[in-house]
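Colleague: From first to last, the protein sequence lines stand for chains A and B.
Quick note on the working numbering: the first sequence kicks off at 1259 and runs consecutively.
Quick note on the working numbering: the second sequence kicks off at 217 and runs consecutively.
Keep in mind the hints are simulated off the structure, nothing from the lab.
Be aware that a few hints might be false.
[As the list claims (entries may be wrong)] A few chain A positions that, by computed beta-carbon distances, are all more than 12 Å from chain B:
1. D1271
2. L1272
3. S1291
4. D1295
5. A1312
6. K1318
7. H1319
8. R1340
9. N1357
10. V1369
11. F1374
12. A1392
13. I1406
14. M1421
15. D1470
16. T1475
[To be verified] Facing chain B, a subset of chain A residues (Cβ under 10 Å, in silico):
17. I1356
18. P1359
19. A1360
20. F1373
21. L1385
22. D1389
Quick caveat, the model's predicted, so the values are computed rather than measured.
Glycine residues also receive a C-beta, built at the ideal position from the N, C-alpha and C atoms.
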Amino acid sequence: MSASTQLGSQLVDLCSVLLLLCCFAIVAQRRLSACVDLFALQSAFLAATAALVAFLTGHKHIYFAAALTIVIKVIVLPRILRKVIERLNVSRELGMNINIPAGLLICGALVIVAFFITQPIIPLGYLLTRDSLAIALAIILIGFFTMIARQKAITQMVGFLVMENGVFLGATAAAYGMPLIVELGVFFDVLVAGLIVGIYTHRLQDTFDSVDTSTLTVLKE
Amino acid sequence: MQSIIHIVLVVVQLALLLTLSPFVVGLIRKVKARLQCRRGASLFQPYADLAKLFRKQPVISSTTSWIFTAAPYIVFASTVAAGLLIPVFVSHTPLNFAGNIIALVYLLALGTFFLILAGLDAGSAFGGMGSSREAIVATLAEPAMMLSILSIALTAGSTNLSTIVHQSALMEGVVVAPPAHLMALAALFIVTLAETGRVPVDNPATHLELTMIHEAMLLEYSGRYLALMEWAAGIKLLVFLTLIVNVFAPWGIATSLAPSAIAVGLLVYLGKVAALAFVIGVIESMFAKLRLFRVPEMLGAAFILSLLALVFFYTLKG
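Just chain A, same shape as in the assembly (with noise of 0.2 Å):
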């Protein structure tokens, strides 16, 4: 490996633990502002990982990814959620099914595993972005975990998002970005999920009076 790979390599291992750090952040956070704004973070890092391995490869269909990352996750998606908590005037979860601290060490033992998971595969490897895959795979298991620990549907469907980026970095690790038209129907269902999340957060809070998902589970009122 020449030196400047070796850095561009270690660049995107940098920008994509910045993206792991971020999704700890939001385990972390009870506001749901804050977690919607650090899901913005999140996504921002993305696309600059995504652009840095454009460049370092040439492959440039994936500046047009990351440049839809911008537009999308990084400025509608969290200012129709941002809208959604302010009409909706929730600002922090209070009932969480999980207690911070213990939510954070569980992410740190999902992180260990996803190492553990990896570690036969990447080796294998002969990308330079292959050592993002251990990460990928632990924002995924992350983003799946915030879905299940928190009750509110923003700070679900925040998970959600988290878990999507963690599959386009992962995508982006072992393969160099999927084709374009894959991405761009990806983008799409993200775009139409926070839309949909959005009106149905607004049907909870008319029916319940609350956008605690737990009061689905019950049949009668």
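Dock chain B against the given chain A, drawing on the hints supplied.
Modeller: Okay, now just chain B, sitting in the frame of chain A:
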């Protein structure tokens, strides 16, 4: 000749620790005051405070035992001893044979232990409360501190601080800090805020006994005992700042004993400590004090960060 230089270096390091620590405290206060649009006290006010306290007659409660009068000396001595183990402006501190990182951590813990005992000794309610809080914070901060320092020690392959700093100072061509280092730095920074009683954990400027941690343990102290305790707290802050700047940013530290290298090392060190003190002042102005029950969450986050630093060391190779 070599041994004379070493002795001189130890004396200079000792003098620097003792004289610079009140200045760092004053600098943080000044930064906070300026950010609140106040003029603030002079940068040298802490020196005047210490001088005043040393001249005053101490008043000692009749319910205290010998621990109360011995504790300030033990706290002060253990903190200064810890400060002599770390490289300050020369990467090979002459006393590095005396102890490694683990000795450093537990010298500081010894000081904390006697501080806690002293808080309990006078039997006042606030002192006991401060001691119990300090015990919680110290207990939770210790694993995070040990793990973050161990991840650095793994990178260098040694627990000797001089070796760690010397190796990372000599490293060339590394533009990107390894992720493990960044995580360990973040963890150690949170631990620093907790251990030195800075704002998100404890408010050093508070007058409200109910929210105190460090100050509550000192409520019964006066005169030279209080001066020693305050000075020791300043030195502890400086020790943590020095540890951070020299382990994570060892640029410019003197790697040889040439006079020019030492002069550059000294200047760069002063600049880096001032910059970090400025950062702490800004953080103290930006954040409110955490509720006591949130402090374990913050220290839990520091623990997770240092755990990740270890994981990344093994998986991303540094």
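Colleague: Determine for every hint whether it applies to the structure shown.
Modeller: Hints, one by one, checked against the model:
1. D1271: Check fails; 6 Å does not lie beyond 12 Å.
2. L1272: 6 Å, violated
3. S1291: Per Cβ check, A:S1291 is outside 12 Å of chain B; nearest 17 Å; holds.
4. D1295: 15 Å, holds
5. A1312: 18 Å, holds
6. K1318: 25 Å, holds
7. H1319: 26 Å, holds
8. R1340: Check passes; 22 Å lies beyond 12 Å.
9. N1357: 8 Å, violated
10. V1369: 6 Å, violated
11. F1374: 9 Å, violated
12. A1392: 6 Å, violated
13. I1406: The claim holds: A:I1406 sits with its nearest Cβ about 18 Å from chain B, beyond 12 Å.
14. M1421: Consistent with the label, A:M1421 stays out of reach of chain B, its closest Cβ about 19 Å off (over 12 Å).
15. D1470: A:D1470 clear of chain B: closest Cβ-Cβ about 22 Å, beyond 12 Å.
16. T1475: Non-interface label stands for A:T1475: nearest chain B Cβ at 28 Å, farther than 12 Å.
17. I1356: 13 Å, violated
18. P1359: This interface hint holds because 4 Å falls under the 10 Å limit.
19. A1360: OK, holds: A:A1360 within 10 Å of chain B, min 9 Å.
20. F1373: Constraint on A:F1373 satisfied, holds at 5 Å.
21. L1385: 15 Å, violated
22. D1389: 5 Å, holds
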